[in-house]
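Given next are the chains, with one letter for each unit.
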Amino acid sequence: GESVGLHLPTLSVQEGDNSIINCAYSNSASDYFIWYKQESGKGPQFIIDIRSNMDKRQGQRVTVLLNKTVKHLSLQIAATQPGDSAVYFCAETLPTDTGFQKLVFGTGTRLLVSP
Amino acid sequence: ETGVTQTPRHLVMGMTNKKSLKCEQHLGHNAMYWYKQSAKKPLELMFVYSLEERVENNSVPSRFSPECPNSSHLFLHLHTLQPEDSALYLCASSLGTGLNEKLFFGSGTQLSVL
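Line by line, the protein sequences are chains A and B. Counting in this note's numbering, the first sequence runs from 99 upward without gaps. Counting in this note's numbering, the second sequence runs from 36 upward without gaps.
One thing to keep in mind: the hints can contain errors.
[Stated by the list, open to error] One side of the interface only, derived from the structure: several residues of chain A facing chain B at Cβ under 7 Å:
1. PHE144
2. PHE198
3. GLN199
4. PHE203
5. THR205
[Said to hold, decoys possible] For lysine-lysine, the following BS3-like pairs were computed, each having C-alpha atoms within a straight-line distance of at most 25 Å:
6. A:LYS200 x B:LYS137
7. A:LYS154 x B:LYS137
8. B:LYS57 x A:LYS169
9. B:LYS53 x A:LYS200
10. A:LYS200 x A:LYS140
11. B:LYS76 x A:LYS169
12. B:LYS137 x A:LYS140
13. B:LYS57 x B:LYS76
By construction, these hints were calculated from the structure, which means they are not laboratory data. Built from N, CA and C at the ideal position, the CB exists for glycine as well.
Extracted from the complex, chain A is given alone in its bound form (with noise of 0.2 Å):
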């Protein structure tokens, strides 16, 4: 089915420490996974992707982990900066009858960043 759900609703954290955000799946066919990353008063803005042949993709201090076995998939960003509070959300492609590729998106992790 079309489910995609996140563990922890809110995560606080200490500046300079690392962040964890977890997401589940619940679609085994999903071939592509996006993490979204909102300010408040903005819309989602694109953070890191990984395909489903990959289980390990960095960026610059973001690393996102996909674990196809469990549906498991999770965003880490190092050295965690006042700038990085926000909602996180991870999102899942999905094909369609109309060939267009769905994105799904779960109900997002807000991240606080204390100095």
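Keeping the supplied structure of chain A fixed, place chain B upon it in accordance with the hints.
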């Protein structure tokens, strides 16, 4: 600045009003989307247009009527809305609608229906 601009940023309307949300993208993309974002709920896909053709209508009530006159502009016409329609309405665009397409979002229109 994401290259996707939405107006107005805020809108308050009564249930009998007719209003329109506007979205414009300056990215040269071919696909545009409307999403609804309610508190504590996942983003809900409403409509998708690819090359000005509607390719997805996600069981949205007819009181929401999209219009895509060209690949750079997208409208959402609203009439006789209900209070439960109050939400943040996000527009997005992408180069295409295939796999690996990254969506670029506008800042949204915060809609309140009284």
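Hint check results:
1. Taken as an interface hint, A:PHE144 checks out: its beta carbon lies about 5 Å from the nearest beta carbon of chain B, inside 7 Å.
2. A least Cβ separation of about 5 Å between A:PHE198 and chain B falls short of the 7 Å threshold, and the interface hint therefore holds.
3. For A:GLN199, the suggested interface contact is upheld, since its CB lies about 5 Å from the closest CB of chain B, less than 7 Å.
4. Satisfaction of the interface hint for A:PHE203 is found here, the shortest Cβ-Cβ separation to chain B being roughly 4 Å, below the 7 Å cut-off.
5. Checking A:THR205 against chain B: minimum C-beta separation of about 5 Å stays under 7 Å; hint holds.
6. Between A:LYS200 and B:LYS137 the alpha-carbon distance is near 11 Å, which keeps this suggested pair within the 25 Å criterion.
7. For the proposed pair A:LYS154 and B:LYS137, the alpha carbon gap of about 18 Å is at most 25 Å, so the pair holds.
8. With a CA separation close to 37 Å, the supplied pair B:LYS57 and A:LYS169 exceeds the 25 Å bound.
9. The hinted pair formed by B:LYS53 and A:LYS200 fails the criterion: a straight-line CA distance of about 29 Å is larger than 25 Å.
10. With a C-alpha separation of about 22 Å, the suggested pairing of A:LYS200 with A:LYS140 holds against the 25 Å cut-off.
11. A C-alpha spacing of about 21 Å is found between B:LYS76 and A:LYS169, which places the hinted pair at or below 25 Å, so the restraint holds.
12. Annotation: proposed proximity of B:LYS137 to A:LYS140 holds, straight-line Cα distance about 17 Å (limit 25 Å).
13. As the CA atoms of B:LYS57 and B:LYS76 are separated by approximately 23 Å, the hinted pair is consistent with the 25 Å bound.
Comparing the model with each numbered hint stated earlier shows that hints 8 and 9 do not hold.
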